[in-house]
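Novice: Here's the letter readout for the chains.
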Amino acid sequence: MDKNKPSVKIRKKPLGQRIKNNFGFYLMFLPVLLFVVVIYYWPMLGIRYSFFSSKMVRGGGLEWTFVGLKHFETMFKAPEFWTAFKNTLIISIVKLLLNTFAAVVISIFLNEMTSLFCKKAVQTIIYLPHFMSYAVVAAIFTLFLSTSSSGMINETLKSWGWIKESIDFMHTSKLWRPVFYIVNLWKETGWGTVIFFATLSGISPELYEAAEIDGATRLQKMRYVTLPALANTIIIVLILNVAKVLNIFEPVFVMYNNRVFDVSDVISTYIYRKTFMTAVPDYGFSTAVGLFKSLVGCALMLGSNFASKKIRGRGII
Amino acid sequence: MAENETKKVQASEAEEKRSTPKINMVGEKKPTKIKLFDVVNYLVFAILTLIILIPIWKVLVDSFSAVGVYQFKLWPTEPTIGGYATILKTQKLFRPLLNSFITTIVGTLLGLLLCTLGGYVLNQYDMPGRNAMSYFLMVTMIFSGGMIPEYLVMRQLGLVNNMWILVVKHGMNVYNLVLMKNFFEGIPASLYEAARLDGCSPMQIFYKIVLPLSKAALASIGLMFAVTVWNDFSTVQIYITNRDQVNFQYMLRVMVMDGDTPTTAYKVSQSTLYYSGIVCAILPFMVAYPFLQKYFVTGVNVGAVKE
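Line by line, the protein sequences give chains A and B.
Mapping of the first sequence onto this note's numbering: position 211 corresponds to residue 211, and the numbering continues sequentially without gaps.
Mapping of the second sequence onto this note's numbering: position 49 corresponds to residue 366, and the numbering continues sequentially without gaps.
Just so you know, these hints were derived from the structure itself, not from any lab.
Take the hints with a grain of salt, since some may be wrong.
Chain B stretches covered by chain A per the calculated footprint, using a threshold of three residues with CB under 8 Å from any CB of chain A [unchecked claim]:
| id | segment |
| --- | --- |
| 1 | 413 to 422 |
| 2 | 462 to 469 |
| 3 | 542 to 554 |
Given the structure is predicted, the values throughout are model-derived calculations rather than measurements.
Built from N, CA and C at the ideal position, the CB exists for glycine as well.
Chain A on its own, in the form it takes in the complex (with noise of 0.2 Å):
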């Protein structure tokens, strides 16, 4: 029947010959795909464990007991879990402020260098941090600031007379948070160039010959020149991270320990704590925080990737 009707020019094959023909490239994405649904998919189906209790059995197994909503009142109720859901917060968003800006302040001046080679010098040195761990990290700024006989930090402090004893920086509530601070700093911040570089690259040498002519000195062609350009790349950095702020996990396990939970316990950490370092682990419990986790998160990628197809027409994902 359909021989017979008159054959209207379409553009596409039908659906069936598509199929066919792109048939080896549906064979090539098989392999992506099993990957995606056993790592991301099946995990996502054991967010049900959220309304469960778990319950170690014989043989290792796991017993599961219907108990609906009781995680969730128990979390909200823990003041554990607000402090871990508090320093999060402060935590990653400090952080993101203090390497982004410090980033950005360290590309415009770099950006004012003259000599090419100093410059490719400089950032190649900068870069170095970031290819450590954080495991590596956090094991030199342990060793560094002990307060053994060997902990560079303070004993030089003493021996200029700084100090008399010896600072327990890495144990102290006080200072955890701007010694992590600083750890960061000195391992991202080279590394957070390199965005902002690609930018300024960019900018149009007539801006600044503009600028020139009508008088600008130095420091006000970094102001109203190279600093506007950045602003739009600046804005992206922010957005991009906000959307991770939760996700916070590596950086702060390392350098954490139990005399400084009060500061530093993040969400992270907390579900890590609450079941890979209790002696009965409720796996339910760990997972209705993970879900209230991943929740918070979902939201802030997605205002995150509005925000960004506004200022940017494009989106993060």
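Since the structure of chain A is already known, use the hints to place chain B on it.
Specialist: Relative to chain A, chain B alone:
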């Protein structure tokens, strides 16, 4: 009188302005200002690079010193390579180092395979279901099951206490896949057409045309995978307790932070061993980085700035 004088001065100033061409004036004014600014700028950056380099240099020097001193020394005191020898000879330290190398190499290869395949397929714009596929991948960037459901799944798969968890977990990276897709978009479509007319299958086009043309992309994304897997500590912390299966980052952390040093390793001083461990943990990329800096940096730029 006074009025006259000021007028005179003004007139002479105006004359000066007129007589000296504008460019010269700028040129005259500049040197003093530039000098001060530049001196300060260079000085600040010199200090900045020292702040980055001093800790690294101290680690390196102390790894070669037989005795640990708190001061910053330019060269090792009582030079020794005992720390490195101990790491290579002690099974409990060498095994994690080996694990790190194995997982990094396999993880990078798997990661590249998956993201090139995915990136290539997602560029087939006339393939039915392409949009569904990309949405399928995108969802994973927005929502995740969380640490514990992931752990339970991996346990079912027998990947707990197993170093291959590092490969499985990092092998699939949607972000890198999208980067790869963006790279592939730069390859002219006419090349695909020509190859197709010559009778190439999709797979043949993939490894005869797409891959050879994307060496730079493969290098930079491959490096991103390698850095991630080599530097991963938290996955090991969560999934692995068996000391035969941990990677070197984990072993280093346990050694330095928890003081859990293998007993056979006490032939050298503690600090020599610690610092040698740190050097081993950062060495591969510190050595490769100056030569491959270009590739390290491209990945970031394509991902973030490409409009």
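Novice: Please go over all the hints and tell whether each is borne out by the structure.
Specialist: Checked hints:
no.	hint	in the structure
1	413 to 422	violated (count 0)
2	462 to 469	holds (count 8)
3	542 to 554	holds (count 7)
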